[in-house]
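**Q** The chain contents come next:
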Amino acid sequence: DGGITQSPKYLFRKEGQNVTLSCEQNLNHDAMYWYRQDPGQGLRLIYYSQIVNDFQKGDIAEGYSVSREKKESFPLTVTSAQKNPTAFYLCASSIGTGPTDTQYFGPGTRLTVL
Amino acid sequence: AQSVTQPDIHITVSEGASLELRCNYSYGATPYLFWYVQSPGQGLQLLLKYFSGDTLVQGIKGFEAEFKRSQSSFNLRKPSVHWSDAAEYFCAVGAKSNYQLIWGAGTKLIIKP
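Those protein sequence lines, which keep their order, are chains A and B. Per the numbering used here, residue 1 is the first one in the first sequence, and the count goes up by one each step. Per the numbering used here, residue 1001 is the first one in the second sequence, and the count goes up by one each step.
Keep in mind that a hint or two might mislead.
[To be verified] Below are the DSBU-like pairs computed for lysine-lysine, each with C-alpha atoms no more than 35 Å apart in a straight line: (1) A:Lys57 x B:Lys1108; (2) A:Lys9 x B:Lys1112; (3) A:Lys9 x A:Lys57; (4) B:Lys1068 x A:Lys9; (5) B:Lys1068 x B:Lys1112; (6) A:Lys9 x B:Lys1061.
[To be verified] If you only want the chain A side, here are some residues facing chain B, beta carbon under 7 Å, derived: (7) Pro39; (8) Gln41; (9) Gly42; (10) Leu43; (11) Ala61; (12) Gly63; (13) Leu90; (14) Thr100; (15) Thr102; (16) Phe105; (17) Pro107.
[Stated by the list, open to error] Label-pair distances were calculated between CB atoms; the ranges are: (18) A:Thr77 x B:Ser1084: 43 to 51 Å; (19) A:Ile60 x B:Lys1108: 19 to 27 Å; (20) B:Lys1068 x A:Gly96: 25 to 33 Å; (21) A:Glu62 x B:Ile1060: 14 to 22 Å; (22) A:Asn18 x B:Gly1041: 41 to 49 Å; (23) A:Pro8 x B:Lys1068: 17 to 25 Å; (24) A:Glu69 x B:Arg1022: 24 to 32 Å.
Derived from the structure by calculation, the hints contain no laboratory data. Ideal Cβ placement from N, Cα and C applies to all residues, glycine included.
Please construct the entire structure, taking both the sequences and the accompanying hints into account.
**A** In structure tokens:
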């Protein structure tokens, strides 16, 4: 079955540590996205990638980094510079980045800073 | 600037009753409109989308939405809700000029038995 997987489902981090969230898709989509979701708020875009080896900052990129070395994979690193990283992180992909290209979502990773 | 407003943070509906979730958007040109649903602790699933044409669109799980340009609205409806519809619902707007979706804050649907 085609889809998007995210791991781990739950992640705990001590302050000052970097952590990496995994996102893999087998939909053969060119575009991938990372969103952050906080209670009572809509999704906020962290980074997106239109194609392998290229990515762009979204609205809240500070304290995060990404890579796109393979079409299937778009890992997100939450660095110690991110002041308030506790949140639910969602990865998505779409065929392209046109406005009519539906985004498909993974199940999410819940990150908690201890 | 583009924006999306979902005026209701929570809505409680009895099982079997009808449902309408409101979505208002602010955008100068023709918007591309989406409704997604999120079950607790899960990712989002597309319910339906509107790009052009018939302003009443049908989606999955018995949902429909109507685009009303004069009211800048794209409200989601279902004639009879089931307990399994309890979830959070998000409206989003896309623009022809860029890639980014603008998301509403979501409406949590609670179903009374």
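**Q** Does each hint fit the structure? Answer for all of them.
**A** Okay, the hints, checked on the actual structure:
Of the pairs offered as hints, the one joining Lys57 of chain A and Lys1108 of chain B holds, with about 29 Å between alpha carbons and a cut-off of 35 Å not exceeded. This hinted pair checks out: Lys9 of chain A and Lys1112 of chain B have alpha carbons roughly 30 Å apart, not beyond 35 Å. For a cut-off of 35 Å, the pair hint linking Lys9 of chain A to Lys57 of chain A stands: about 24 Å separates their Cα positions. Taking the CA atoms of Lys1068 of chain B and Lys9 of chain A, the gap is near 39 Å; set against the 35 Å cutoff, the hint is violated.
Proximity of Lys1068 of chain B to Lys1112 of chain B is assessed by CA-CA distance (about 30 Å); at most 35 Å being required, the pair is judged to hold. For the suggested pair Lys9 of chain A and Lys1061 of chain B, the alpha carbons sit about 26 Å apart, so the restraint of at most 35 Å is met. Contact between Pro39 of chain A and chain B, as hinted, is not supported at the beta carbon level, the nearest pair being about 9 Å apart and thus beyond 7 Å. Given hint, Gln41 of chain A at the interface with chain B, holds; its Cβ is 6 Å from that chain's nearest Cβ, closer than 7 Å.
Below 7 Å, beta-carbon pairs count as interface contacts, and Gly42 of chain A has one with chain B at about 3 Å; its hint therefore holds. Hint on Leu43 of chain A holds. Least Cβ distance to chain B is approximately 5 Å, under the 7 Å limit. Against a cut-off of 7 Å between C-beta atoms, the interface hint on Ala61 of chain A is violated, since the closest Cβ of chain B lies about 13 Å away. Interface restraint check for Gly63 of chain A: the shortest CB-CB distance to chain B comes to about 20 Å, outside 7 Å, so the restraint is violated.
About 6 Å separates the beta-carbon of Leu90 of chain A from the nearest beta-carbon of chain B, less than 7 Å, and the hint is met. For the restraint placing Thr100 of chain A at the interface with chain B, the shortest Cβ-Cβ distance is roughly 5 Å, inside the 7 Å limit, so the hint holds. With its C-beta approaching chain B no nearer than about 6 Å, Thr102 of chain A sits inside the 7 Å limit, and its interface hint holds. With a least beta-carbon distance of about 4 Å to chain B, the hint placing Phe105 of chain A at the interface is held under the 7 Å criterion.
Of the supplied interface hints, the one on Pro107 of chain A holds, with its beta-carbon coming within about 5 Å of a beta-carbon of chain B, less than 7 Å. Thr77 of chain A and Ser1084 of chain B have their C-beta atoms about 36 Å apart, which leaves the hinted 43 to 51 Å range violated. The given range of 19 to 27 Å is respected by Ile60 of chain A and Lys1108 of chain B, whose C-beta atoms sit roughly 23 Å from each other. One distance hint, 25 to 33 Å for the beta-carbon pair Lys1068 of chain B and Gly96 of chain A, holds here, with the actual separation near 29 Å.
In this structure the supplied range 14 to 22 Å is violated for Glu62 of chain A paired with Ile1060 of chain B, their Cβ-Cβ distance being about 37 Å. Between Asn18 of chain A and Gly1041 of chain B the Cβ separation comes to about 24 Å, which falls outside the hinted range of 41 to 49 Å. The given range of 17 to 25 Å is broken by Pro8 of chain A and Lys1068 of chain B, whose C-beta atoms sit roughly 43 Å from each other. Against the hinted window of 24 to 32 Å, the Cβ-Cβ separation of Glu69 of chain A and Arg1022 of chain B comes to about 43 Å, which falls outside the hint.
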